[in-house]
Amino acid sequence: MDHFPTSWGRQRNDAYDAYNTYPLHQRPNPGHDAFADSVQHTQQPIVTGTSVLAIVYKDGIMMAADTLASYGSLARFKSIQRLHSVGTSTVIGASGDMSDFQYLQSILDELIISEFTEGDKHELGPEEIHEYLSRVMYGRRSKMNPLWNSLLVGGKKDGKRFLAYVDLLGTTYTASTLATGYGAYIALPLLRTAVEGRENDLTEEEARKILEESMRVLYYRDARSLDKYQIAIVNDEGVTISEPQKLVTSWGFAEGIRGYGAQTQ
Amino acid sequence: MTSIGTGYDLSASTYSPDGRIFQVEYANKAVENSGTAIGLRVKDGIVLAVEKLIHSKLLVPDSNRRIQTIDRSVGMASSGLLADGRQIANRARDESYSYRDVYKESPPLKELVQRMGLYVQAYTLYSSVRPFGCSTILGAIDKSGPVLYIIEPSGVAYGYHGAAVGKGRQLAKTELEKLKLSELTTREAVFEAARIIHLVHDDAKEKEFELEMSWIGAETNGLHLPVPKDLLEEADKKARDALEDYDE
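Here the protein sequences line up with chains G and C, keeping their order.
With the working numbering, letter number 88 in the first sequence gets 88, and the count goes up by one each step, no holes.
With the working numbering, letter number 132 in the second sequence gets 1132, and the count goes up by one each step, no holes.
Keep in mind that a hint or two might mislead.
Quick list of in silico lysine-lysine cross-link-like pairs, DSS-like style, CA-CA up to 30 angstroms [stated by the list, open to error]:
id: 1; chain 1: C; residue 1: K1229; chain 2: C; residue 2: K1180
id: 2; chain 1: C; residue 1: K1207; chain 2: C; residue 2: K1178
id: 3; chain 1: C; residue 1: K1057; chain 2: C; residue 2: K1237
id: 4; chain 1: C; residue 1: K1104; chain 2: G; residue 2: K78
id: 5; chain 1: G; residue 1: K209; chain 2: G; residue 2: K160
id: 6; chain 1: C; residue 1: K1104; chain 2: G; residue 2: K157
id: 7; chain 1: C; residue 1: K1173; chain 2: C; residue 2: K1029
id: 8; chain 1: C; residue 1: K1043; chain 2: G; residue 2: K121
id: 9; chain 1: G; residue 1: K121; chain 2: C; residue 2: K1237
id: 10; chain 1: C; residue 1: K1104; chain 2: G; residue 2: K121
id: 11; chain 1: G; residue 1: K209; chain 2: G; residue 2: K228
id: 12; chain 1: C; residue 1: K1229; chain 2: G; residue 2: K160
id: 13; chain 1: C; residue 1: K1237; chain 2: C; residue 2: K1043
id: 14; chain 1: G; residue 1: K121; chain 2: C; residue 2: K1057
id: 15; chain 1: C; residue 1: K1104; chain 2: G; residue 2: K228
id: 16; chain 1: C; residue 1: K1178; chain 2: C; residue 2: K1229
id: 17; chain 1: G; residue 1: K121; chain 2: C; residue 2: K1238
id: 18; chain 1: C; residue 1: K1143; chain 2: C; residue 2: K1110
id: 19; chain 1: G; residue 1: K121; chain 2: C; residue 2: K1110
id: 20; chain 1: C; residue 1: K1143; chain 2: G; residue 2: K121
id: 21; chain 1: G; residue 1: K143; chain 2: C; residue 2: K1104
id: 22; chain 1: C; residue 1: K1110; chain 2: C; residue 2: K1029
id: 23; chain 1: C; residue 1: K1057; chain 2: C; residue 2: K1205
id: 24; chain 1: G; residue 1: K121; chain 2: C; residue 2: K1229
id: 25; chain 1: G; residue 1: K246; chain 2: G; residue 2: K78
id: 26; chain 1: G; residue 1: K228; chain 2: G; residue 2: K58
id: 27; chain 1: G; residue 1: K157; chain 2: C; residue 2: K1229
Far from chain C by the CB rule (all over 12 angstroms, computed), these chain G residues [unchecked claim]:
id: 28; residue: Q44
id: 29; residue: E128
id: 30; residue: G170
id: 31; residue: T174
id: 32; residue: Y182
id: 33; residue: D201
id: 34; residue: V217
id: 35; residue: V248
No lab work stands behind these hints, which were simulated from the structure alone.
Every value quoted in this text rests on a predicted model; they were computed, and no experiment measured them.
Glycine included, each C-beta is placed from N, C-alpha and C at the ideal position.
Whole structure, please, built from the sequences with the hints as guidance.
This is how it looks when you write it as structure tokens:
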């Protein structure tokens, strides 16, 4: 806060010194809005997660995300879980700011508890969680203080599969294949080719293969990704989030790439 | 109570000359007139059971529940004024929330009970409010394992292995003392709790009652849940049969 009263500018009230007879002396910091830094809103993410991928398959939905939380271009935290189960039939995956994601986890946890304590045997399913999240995200962007995430929400409740997207603007959409971040450019076309039209035929094994292949492509192409990833499955048995798994990759070809391998020219 | 009518019972903010607060004692009377509630703290869990007296046949079965959930693994059974019990439950949920908001973990039951004790006690201090007409049994599994407390209308709270409040508390306590609580499994405790509730129920005075039970244990994944219907019916039937043998 700037404590020079003259830096605060003229009073808005025209009745006060309407003819500017009271000159302001030269300001110590001309042209600077003294109130601009009194309240700060999120203007950029700090510790970030990259893409999340999700597809619908025969028995439910499947989601994948690597375990990296980057600090800018630095691979800062290498085993951060970015998939989170909410209640008994929903999983969410987050890219973007990890501290905002942790905040979302805590409010969702509280939401689930307050529903549980009702004791009415009703539970929030993926559709409700997604709607709730979209209202939170839109509310925050309307306060010019968004939660800097792109989220995928998936689940299965009462035999109905659900998969949808929500981001920092409160934008939502739904599809049988979804991806956030870099994955929306690199992996989504692959997922669409593999999944669209076969949602009711894909087995768990096939779905897992499709996601693994897409995660591998992403690891090759996305400089903010990691070869350690987790897969979340929601089917009739509920939510299961796998232990971290390693991607098998080969970088032999890199030797021949100019600017990467041993050669200098 | 020989001092009744002497004017010292008009406000909870006035002591009687011999150092008692009559309004608090009357609040205890409200609890004593209510159906029994018991809690069992056993080897691997908690069981709560309530004798819910049915004052009208027109009531929908299972309505006016007296066992409530405070948190994932915290349950509460109240005895006394039902509406006061609900107020306490809501406050306990708020306290649980605020603890989690600060510490990012569920409150230990001891902490929750201490805060609730302060809250209940505050209602014994002012002439503008009346003390809570209900005793509360709080049970949970927290970091230290199964825990069980009673909060009385005065605001005092003690931890127990076996807790009983309400009309049949004396008999219930002697029955609880006979059990080896620390050796019982939660499932076994369900049957014992049902038996005790049936035993303390006075057929002569009150005809109808509903057995309400909840548990926290390994079988519920540490959640506070109503005892499943089939198990509840089995325990209920077994308790009835045992009672008939007992009467003969």
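Results for each hint:
1. The suggested pairing of K1229 of chain C with K1180 of chain C holds, with an alpha-carbon distance near 26 angstroms, which does not exceed 30 angstroms.
2. The suggested pairing of K1207 of chain C with K1178 of chain C holds, with an alpha-carbon distance near 27 angstroms, which does not exceed 30 angstroms.
3. A C-alpha spacing of about 21 angstroms is found between K1057 of chain C and K1237 of chain C, which places the hinted pair at or below 30 angstroms, so the restraint holds.
4. Distance restraint check for K1104 of chain C and K78 of chain G: the Cα-Cα separation of roughly 23 angstroms lies within the 30 angstroms cut-off, and the hinted pair is therefore satisfied.
5. Between K209 of chain G and K160 of chain G the alpha-carbon distance is near 23 angstroms, which keeps this suggested pair within the 30 angstroms criterion.
6. This hinted pair checks out: K1104 of chain C and K157 of chain G have alpha carbons roughly 29 angstroms apart, not beyond 30 angstroms.
7. Among the hinted pairs, K1173 of chain C with K1029 of chain C is consistent with the structure: their alpha-carbon atoms are about 18 angstroms apart, no more than 30 angstroms.
8. As the CA atoms of K1043 of chain C and K121 of chain G are separated by approximately 28 angstroms, the hinted pair is consistent with the 30 angstroms bound.
9. In summary, the hint linking K121 of chain G to K1237 of chain C is supported, as the alpha carbons are separated by about 25 angstroms, within the 30 angstroms threshold.
10. At most 30 angstroms may separate the alpha-carbon atoms for a hinted pair to count; K1104 of chain C and K121 of chain G meet this at roughly 26 angstroms.
11. Distance hint between K209 of chain G and K228 of chain G is fulfilled; the C-alpha atoms sit about 15 angstroms from each other, no more than 30 angstroms.
12. Of the supplied pair hints, the one linking K1229 of chain C and K160 of chain G holds, its CA atoms being roughly 27 angstroms apart against a limit of 30 angstroms.
13. Between K1237 of chain C and K1043 of chain C, the direct Cα distance comes to roughly 24 angstroms. Compliance with the 30 angstroms bound is thereby established for this hinted pair.
14. For the suggested pair K121 of chain G and K1057 of chain C, the alpha carbons sit about 25 angstroms apart, so the restraint of at most 30 angstroms is met.
15. Using a Cα cut-off of 30 angstroms, the hinted pair K1104 of chain C and K228 of chain G holds, with the two alpha carbons roughly 27 angstroms apart.
16. Between the alpha carbons of K1178 of chain C and K1229 of chain C the distance comes to roughly 27 angstroms, so the proposed pair stays at or under 30 angstroms and holds.
17. In summary, the hint linking K121 of chain G to K1238 of chain C is supported, as the alpha carbons are separated by about 27 angstroms, within the 30 angstroms threshold.
18. Simply put, K1143 of chain C and K1110 of chain C have alpha-carbon atoms about 11 angstroms apart, close enough for the 30 angstroms limit, and the pair holds.
19. Taking the CA atoms of K121 of chain G and K1110 of chain C, the gap is about 28 angstroms. The hint holds against a cut of 30 angstroms.
20. Of the pairs offered as hints, the one joining K1143 of chain C and K121 of chain G holds, with about 26 angstroms between alpha carbons and a cut-off of 30 angstroms not exceeded.
21. Distance check on the hinted pair: K143 of chain G and K1104 of chain C sit about 25 angstroms apart at the alpha-carbon level, within 30 angstroms; holds.
22. Of the pairs offered as hints, the one joining K1110 of chain C and K1029 of chain C holds, with about 26 angstroms between alpha carbons and a cut-off of 30 angstroms not exceeded.
23. Between the alpha carbons of K1057 of chain C and K1205 of chain C the distance comes to roughly 16 angstroms, so the proposed pair stays at or under 30 angstroms and holds.
24. With a C-alpha separation of about 13 angstroms, the suggested pairing of K121 of chain G with K1229 of chain C holds against the 30 angstroms cut-off.
25. About 12 angstroms separates the Cα atoms of K246 of chain G and K78 of chain G, which keeps this hinted pair within 30 angstroms; it holds.
26. The straight-line distance between the Cα atoms of K228 of chain G and K58 of chain G is roughly 26 angstroms, inside the 30 angstroms bound, and the hint therefore holds.
27. With a C-alpha separation of about 23 angstroms, the suggested pairing of K157 of chain G with K1229 of chain C holds against the 30 angstroms cut-off.
28. The Cβ of Q44 of chain G lies farther than 12 angstroms from every Cβ of chain C, with a closest approach of about 25 angstroms, so its non-interface assignment holds.
29. Every C-beta of chain C lies more than 12 angstroms from that of E128 of chain G, the closest at about 19 angstroms, which supports listing it as non-interface.
30. A cut-off of 12 angstroms between C-beta atoms confirms that G170 of chain G is not in contact with chain C; the least separation is 24 angstroms.
31. Distance check for T174 of chain G against chain C: the nearest CB is about 30 angstroms away, which clears 12 angstroms, and the non-interface claim stands.
32. The beta carbon of Y182 of chain G sits about 31 angstroms from the closest Cβ of chain C, which is more than 12 angstroms, so the claim that it is off the interface holds.
33. Every C-beta of chain C lies more than 12 angstroms from that of D201 of chain G, the closest at about 34 angstroms, which supports listing it as non-interface.
34. At roughly 37 angstroms from the closest C-beta of chain C, the C-beta of V217 of chain G stays outside 12 angstroms, upholding its exclusion from the interface.
35. Distance check on V248 of chain G: its Cβ is at least 36 angstroms (rounded) from any Cβ of chain C, clearing the 12 angstroms threshold; non-interface status holds.
In summary, this structure violates none of the numbered hints.
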